[in-house]
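If you read the sequences in order, they're chains P and F. Residue numbers for the first sequence follow the working numbering, so the first one is 1 and each next one is one higher. Residue numbers for the second sequence follow the working numbering, so the first one is 1 and each next one is one higher.
Treat the hints as calculated values from the structure; they're not laboratory data. Each hint should be verified, as a subset may be incorrect.
To be verified - Derived coverage of chain F by chain P (criterion: at least 3 residues anywhere in the stretch with Cβ under 8 Å from a Cβ of chain P; other residues may be distant): (1) 80-91; (2) 94-108; (3) 153-160; (4) 271-284.
Here the structure is a predicted model, which is why all the values come from computation and not from measurement. C-beta: ideal position from N, C-alpha, C; glycine also.
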Amino acid sequence: MSAPAYESALLRTARWRPWEFVIWAVAFALPLAMPSHSLLVNEIAIVALFAMSLDLILGYTGIVSLGHAAFFGFGAYAAALFAKLVMPDPTVGLVFATVLSAVLGLVASVTILRGSDLTRLMVTLGTALLLLELANKLDWLTGGADGLQGVVMGPVLGLFEFDLYGRTAAWYSLAVMLVLFLVMRRIVHSPFGATLKAIRDNRLRAMAIGIPVVSRLAVVYTVAAGIAGAAGALLAQTTGFASLDVLAFDRSADVLLMLVIGGVGWLYGGVTGAIVFKLLQNWLSSVTPQYWMFWIGLILVLLVLVGRDRLLKPWTWFGAGKKKGGAA
Amino acid sequence: MLTILFDGIAYGMLLFVLAVGLAVTLGLMNFINLAHGAFAMAGGYLTVFAMQKLGLPFLACLPLAFIVVGLAGAVLERTLYRPMYGKPHLDQVLFSIGLAFMAVAAVDYFVGSSQQNLQLPEWLRGRSEFGDGAFLLGMGHYRIFIIAVCAVLTVVLQLILSKTRFGSRLRAAVDDPRVAAGLGINVNIVFLMTFAVGSGLAGLGGALGAEILGLDPTFPLKYMIYFLIVVSVGGTSSITGPLAAALLLGIADVAGKYFIPKMGAFTVYLLMILILMWRPQGLFTRKGGR
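Build out the structure end to end from the sequences listed, making use of the hints.
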């Protein structure tokens, strides 16, 4: 195997497909075409970005995390507090929140380096719960259980005011999402991304062929934390509000669910999952406002029973049994 | 002082009974079951309704909770859980959390979201006090009862696992299912029974704990983290690990809430993260295990 063969394979998968341009164009046209749904578009863009950041560590690196909301919520509070206490400019606040979340991610990455899946589940969950308790107890700073109110945002880049319909918000979130998507896309298709996949598939083997596993894990966890923080910052900025809910366990569970619905190890999986999940949530909670959790649970159970990777291929659902060994 | 210690021990014992079933499925069968709290909740509700609607005495409800929830666990194991054993951990997490979500919503739908109260019999409601000053020991009778029941259970479980034929079969089936099956052990039955007993214990724990922990439809999610802490911190070599972890957690939680109420559950989570960073496989672990 010569090196150029590998390089061309990497480049081939990294190439932009025509449909991708169409999708992004449609996304940016949505707030114009359906102004009344701009708030929903904004929300979907934010959770899609959040789901993609989880995909970076779960789908590409194989770190099971039940506490990714830690970084989302941290970013949200950081952005909201920055706007309230320092300056109301959204872009500066966004950068501030992203950097801060990435630093937190770097610190927290120490916790995920050792142990089994269970240990990682527990420490990630524990980190999120720690932050939740902290945000709850530091009520002089965060507003405690009432949430942080009175966040006023300035216009984006000094030009575009946030309007009531959420159009500016939608475009702002979509733009940030696109930029960060490009960054993530660059990462996963680079040789660095290839080493992440190697770590996911077999950590011992990755170590044996000379991949610095520990530093790679730390770096990818930091990046994912920063991006999750950016998503949280977007939420806080576009809604002008941050509450304990951004750190809650439900957030972590929801984003995991979105990613799994859309398909892990595929950046668009996060986007697809976020769209499906949000539409489903909107619809279910209007049909059965109180019990939509039941249906979400049912979907999860069926999803796993059918096999995660098969959900995207409905034609294989009933030819069961041929693929022994399950979805590994 | 001593009262806090005593309450902490009672709380820890209760957590142990709730979590020991999980310790077995998770530790021995290596299945991450986040729906374990749902079994406990089922036991709690069963007890409350058996006492309210059927007028059964409290003591009769405890074995009832154990048996009914154990049977339900057996049915679920046979139908839903068994295909999950070989799946990756992510699948198990999603699957069991889905089950927990369904249980929460279903209970909410059928009995409402209000908190249920358990009417303890008269002889369990009292409280005895010994000593005075810093060494005042106030013991609620119900807590004495819990400690006694849990201590007996612990000893029985330990004996079953280490001394009986079933225990050695279970350990063999866990270490290597294929070899165990080759030796004529019916691995499926062993796992089925183990899972049923584990669920039954959760049901019993739920019945015992309804008075102390409170019972409402969010129970599985609210206490899931505590069960998981007990198991992950305790390690899975034997049931003494989870027991030690449960006692540690119970005492730390009660003492933390008493002495530094501003920190709340913070102490417990921090303790867990530090322990897991120090010993990722738990405090007590088998050599050569995973």
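Outcome of the hint check:
1. Here the region 80-91 of chain F counts 9 residues with a CB under 8 Å from a CB of chain P, which clears the bar of 3, and the coverage holds.
2. Counting residues of the region 94-108 of chain F whose beta carbon lies closer than 8 Å to any beta carbon of chain P gives 13, which reaches the threshold of three, so the coverage claim holds.
3. Beta-carbon proximity to chain P at under 8 Å applies to 0 residues in the region 153-160 of chain F; the threshold of 3 is not reached and the given coverage is violated.
4. Here's how the region 271-284 of chain F fares: 6 of its residues keep a CB closer than 8 Å to some CB of chain P, so the rule of at least three is met and the hint holds.
Going down the numbered hints, you'll see the structure goes against just number 3.
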